[in-house]
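*Asks:* Using the numbering used here, the first residue of the sequence shown is number 1, and each one after it goes up by one.
Derived from the structure by calculation, the hints contain no laboratory data. The reader is advised that the hints may include incorrect statements.
As the list claims (entries may be wrong) - Here are the simulated lysine-lysine pairs, BS3-like style, with alpha carbons at most 30 Å apart:
1. K65 - K164
2. K102 - K219
3. K217 - K250
4. K109 - K171
5. K164 - K217
6. K247 - K262
7. K86 - K109
8. K247 - K25
Unchecked claim - Quick list of simulated restraints, FRET-style, between CB atoms:
9. S87 - S231: 20 to 26 Å
10. L134 - K217: 18 to 24 Å
11. S231 - Y202: 39 to 45 Å
12. L134 - N3: 30 to 36 Å
13. E160 - S137: 36 to 42 Å
14. K25 - N139: 30 to 36 Å
15. D64 - S87: 17 to 23 Å
16. K172 - R218: 22 to 28 Å
17. S231 - N66: 16 to 22 Å
In this text, a Cβ means the ideal position worked out from N, Cα and C, and glycines have one as well.
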Amino acid sequence: MSNDRPIGVFDSGIGGLTVVNSLMKIMPNESIYYVGDTARVPYGNKSKNRIKQYSEEIVKWLIDKNCKMIVIACNTASAIAIDHLKSTFKIPVIGVIQPGAKKAISITKNNSIGVLGTQATIESNAYADILKSLNPSLNIVSKACPLFVPLVEEGLVSGEIPAKIADQYLKKLTRTEIDTVILGCTHYPILKEIISKALGDYVKLVDSGKATSVSVKRKLQKLGLHSKKNSGELEVFVTDSKNAFNKIVKKSLGLNLHLEIKSISRIDIL
């Protein structure tokens, strides 16, 4: 099979485009199919079985589109569904949690790391478990920030409203000795400036999407699946209104996607 097949990437909404952006920068020759499950965003307040179901449906759809690898550009799905997806499908599957955890450990100076995420990600202890397995002496402070995803999906990424919410969520972390914080949701880098201001300049923020793109490149090379093309293509699919998606992408990410965003119904991916 051709190595020029696309990489399949999915998230509950627009947040995974932060991962896509990193992938395109580090591997401009790779084609990407991105699915934003905007009809069912957010995943963070769903049950484990529901998250596994949604993830499996999307991966099946991407495999039918002849994708050569799956990147779970969603921390919640990575935390809850990655083992299920790896055991269900015979295709390489990479999540965002382990790369983000490794990056944070390489940055921290005092072994004190904060983790921000959705309710489901934090309750899964996925980051805490991986961090502790890599360095048992770490001090880890986790905080669920459930309103961050809706803020981004509504385009409320600057101004008084997100700033006040960030201050409220992050009070707990400012009273600790953490020097590194993992943005444990791919929506959160879009709020990076507000989060950084709430925590203080001395706290380093880890974007798990950037770390994941490096892992994806290494995996493709190891498996001999890297594309030989000069340039790749991006195709974006959403499960709800494509017009609304494009507006939010432009407002939240500052990106003007010069491509056709295709809407796929939930029936199409079932």
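*Asks:* Confirm or reject each hint.
*Replies:* Okay, the hints, checked on the actual structure:
1. Proximity of K65 to K164 is assessed by CA-CA distance (about 42 Å); at most 30 Å being required, the pair is judged violated.
2. A C-alpha spacing of about 16 Å is found between K102 and K219, which places the hinted pair at or below 30 Å, so the restraint holds.
3. Among the hinted pairs, K217 with K250 is consistent with the structure: their alpha-carbon atoms are about 27 Å apart, no more than 30 Å.
4. Simply put, K109 and K171 have alpha-carbon atoms about 21 Å apart, close enough for the 30 Å limit, and the pair holds.
5. Between the alpha carbons of K164 and K217 the distance comes to roughly 38 Å, so the proposed pair goes past 30 Å and is violated.
6. Simply put, K247 and K262 have alpha-carbon atoms about 14 Å apart, close enough for the 30 Å limit, and the pair holds.
7. Between the alpha carbons of K86 and K109 the distance comes to roughly 34 Å, so the proposed pair goes past 30 Å and is violated.
8. Note on K247 and K25: the hinted pairing holds, with a Cα-Cα distance of about 23 Å set against a maximum of 30 Å.
9. Range check, S87 to S231: about 35 Å between beta-carbon atoms, so the 20 to 26 Å window is missed.
10. Evaluation of the 18 to 24 Å hint for L134 and K217 yields a pass: the beta carbon distance comes to about 21 Å.
11. For S231 and Y202, the hinted distance range of 39 to 45 Å is satisfied, since their beta carbons lie about 40 Å from each other.
12. Distance hint for L134 and N3: a CB-CB separation of about 32 Å, consistent with the stated range 30 to 36 Å.
13. The supplied range of 36 to 42 Å is met by E160 and S137, whose beta-carbon atoms lie about 40 Å from each other.
14. Range check, K25 to N139: Cβ separation about 33 Å, and the 30 to 36 Å hint holds.
15. In this structure the supplied range 17 to 23 Å holds for D64 paired with S87, their Cβ-Cβ distance being about 19 Å.
16. A beta carbon spacing of about 35 Å between K172 and R218 contradicts the range 22 to 28 Å that was offered as a hint.
17. The hinted range of 16 to 22 Å is satisfied by S231 and N66, whose Cβ atoms lie roughly 19 Å apart.
Against the hints set out earlier in the document, violations occur for numbers 1, 5, 7, 9, 16.
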